[in-house]
Each structure stands twice: as C-alpha cells, then as structure tokens.
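Novice: Just so you know, the sequences run in chain order E and H. Numbering-wise, the working numbering puts 80 at position 80 of the first sequence, and it's gapless, one number per residue. Numbering-wise, the working numbering puts 94 at position 94 of the second sequence, and it's gapless, one number per residue.
There may be inaccurate statements among the hints.
[What the hints assert, rightly or not] Here are the computed lysine-lysine pairs in the DSS-like style, where the Cα-Cα straight-line distance is at most 25 Å:
1) H:LYS44 - E:LYS42
2) E:LYS65 - E:LYS105
3) H:LYS95 - E:LYS42
4) E:LYS105 - H:LYS44
5) E:LYS42 - H:LYS72
6) H:LYS95 - H:LYS72
[As the list claims (entries may be wrong)] Heads up, incomplete: computed chain H residues facing chain E, CB under 7 Å, no partners named:
7) LEU61
8) THR92
9) THR94
Worth flagging that the hints you see were computed from the coordinates, not collected in a lab. Note that beta-carbon positions come from the ideal geometry of N, C-alpha and C, so glycine has one too.
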Amino acid sequence: MSPETRRVEMTLETKIESMDLGEEVARRVAATAGFDEDERHKICMAVRECLINALQHGNRYDPRKPIGVTFTLLPDRLMVQVRDQGPGFDLAGIPDPLSDEHLLKSSGRGLFLVRCFMDELMVESGRNGGAVVTMIKRYSSNHRGAGESEAEKEKQR
Amino acid sequence: MSVKINKREVGGVTVVDLSGRLTLGDASAQLRETLRELLNQGQKKIVLNLGQVGYIDSSGLGELVSGFTTVKNQGGQLKLANLTQKVNDLLTITKLYTVFEVHNDETAAVQSFS
Ligand SMILES: Nc1ncnc2c1ncn2[C@@H]1O[C@H](COP(=O)(O)OP(=O)(O)O)[C@@H](O)[C@H]1O
Ligand SMILES: [Mg+2]
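Just need the whole structure built from these sequences, with the hints factored in.
Specialist: As structure tokens, this is what we get:
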C-alpha cells in the first residue's frame, strides 16, 4: 500500500441501528477526506443505501452474519466497500425505478440513488460468496486535498 | 435521531408536521401508522409538512409513495408542502416530483383542497 493511502475498516452487526452508525462513520471519513457538505451528504446517503441492502437483501436480518465496511482514501478518490454474506447479485438485473412501470413502487430506488450520488458503483462476489459493493467518489477540483500526501503537494509546488 | 410527527387540523385539512429524518425503521413505521389512523378516522385531506425534514432514504421515499397510493385508493389526497432543498432534489432525481402534488408552503397546500 502506498504511503498516501489511508484506510478505515469496520464490522457492523446486522441490525437497523448499524445503519446510523455506519453512516456516521461515513460522515467523518468524508469530512476527513475534505468533501464539502453537499458531497458529504451524498456519500452518507450512498453508504446508507448499501448498508440497508446488505442488511435486507444480503444478510436478510440474520444477526449471526456481519457486514464489513472499508473506507479507503486514495490520492484522487474515496473508495467505500460494503460486504455481506448473502447470495450476491448482478447490477444488470436491476430495473429502472424511473420507468412508468416502477415509478409508483415503494422500493427499488436505493442503488439508483447510489449511482446518482457516487461516481462509480461496482458489484462483485466475495471470495466466500456474498456481495462486495464498491463505490467511488472522486475529489472535485475545489477539494481541500486531505487525500494527498505532503510529498504529493510538494511535487505540485 | 429519528422523526417526530405532529398532527393538526387546519380548515378541514389535516396537516402532519414531520421533523427529523425519514428513514428505514421506526420513522417509516411511524408515518405509516399516522396515515393509517387518519384514514380510519375518515380524514382524507392530508398535507405532509416536510419543512423540518432534511433527510429521507429510499425506505422513507417508499413510505411516502405507498402513503400517497393508500390515501388515493381510499378516495383521499396526500399532498406535500414546504420541502427542504435536499428533499426537493431527491424527489426531482427520482421523478417523484411528478407523482406528488407539491406546494411551497402549508397555506397554499391547505387552500388547494377547496
Ligand atoms: N447486498 C445485496 N445482496 C443481494 N441482492 C441485493 C443487494 N443489494 C441489492 N440487491 C438487489 O438489488 C435490488 C435493488 O436494490 P435497491 O435499488 O436498493 O432497491 P430495494 O432495496 O428497495 O429493493 C434489490 O431488490 C435486490 O434484489
Ligand atoms: Mg435498497
């Protein structure tokens, strides 16, 4: 791992209270990374939606199954990974919540919001099964640059 | 952390004030219960005052949509008023702005029923 990489790793219990906790940590990490209030809000919502999915669709409320979350601050972006122990899934099969057919449904908007709020969304299967959902948020041009190392800043001078 | 719900009667219309976060769990359940009660009492003109709600997740959005549909199916109307910028943006990107009748303030929402 390069010296400018910083990482926060945590394990959440599969219960509703964990959603607020995970979101709170996301808020702090996003602040440390230098995102502004608007971007922090978007990151928090995206992380929350993935945690809810891990709870509901992945671990299906089974308290014996943990939810893993990793925040990685890279030089140019924040990467968040959420891992569960469920059946896994494929983004290609997710319907469009904006279509007439789905607009009045009471569910199906979570991943759509993640896509709106983050720059990238990927889903893979974990080594021992389960879904690994990866979200990327790049630092914007007016970013405070907390993800940069001193050496990096030196180079830019 | 969660949501606070208060009901008021304004000229034959029930105004439901929500404050806090409308999210998965208690908050969504509380809203569902409040709407159910109102319908049971025959109150079918409902305005949700979202002026103090700065955060709604997909579960809260789902609850708003099913509330809207339930009220409509019983011959009533559920309207929204006083949206914060964040909630306004959320309804816009999810196209739910085209589903709900949204008013700038409570007075306009209440008057729209007459
Ligand atoms: N972690 C997960 N494990 C398994 N399936 C998932 C997971 N996350 C999402 N899904 C699938 O993707 C669908 C869409 O998710 P989402 O957009 O959040 O809507 P919702 O959760 O309201 O159904 C879910 O209904 C589910 O089938
Ligand atoms: Mg979801």
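Novice: Next, verify each hint and record whether it holds.
Specialist: Consistency of the hints with the structure:
no.	hint	result
1	H:LYS44 - E:LYS42	violated (35 Å)
2	E:LYS65 - E:LYS105	violated (29 Å)
3	H:LYS95 - E:LYS42	holds (18 Å)
4	E:LYS105 - H:LYS44	holds (21 Å)
5	E:LYS42 - H:LYS72	violated (32 Å)
6	H:LYS95 - H:LYS72	holds (19 Å)
7	LEU61	holds (6 Å)
8	THR92	violated (10 Å)
9	THR94	holds (6 Å)
Against the hints set out earlier in the document, violations occur for numbers 1, 2, 5, 8.
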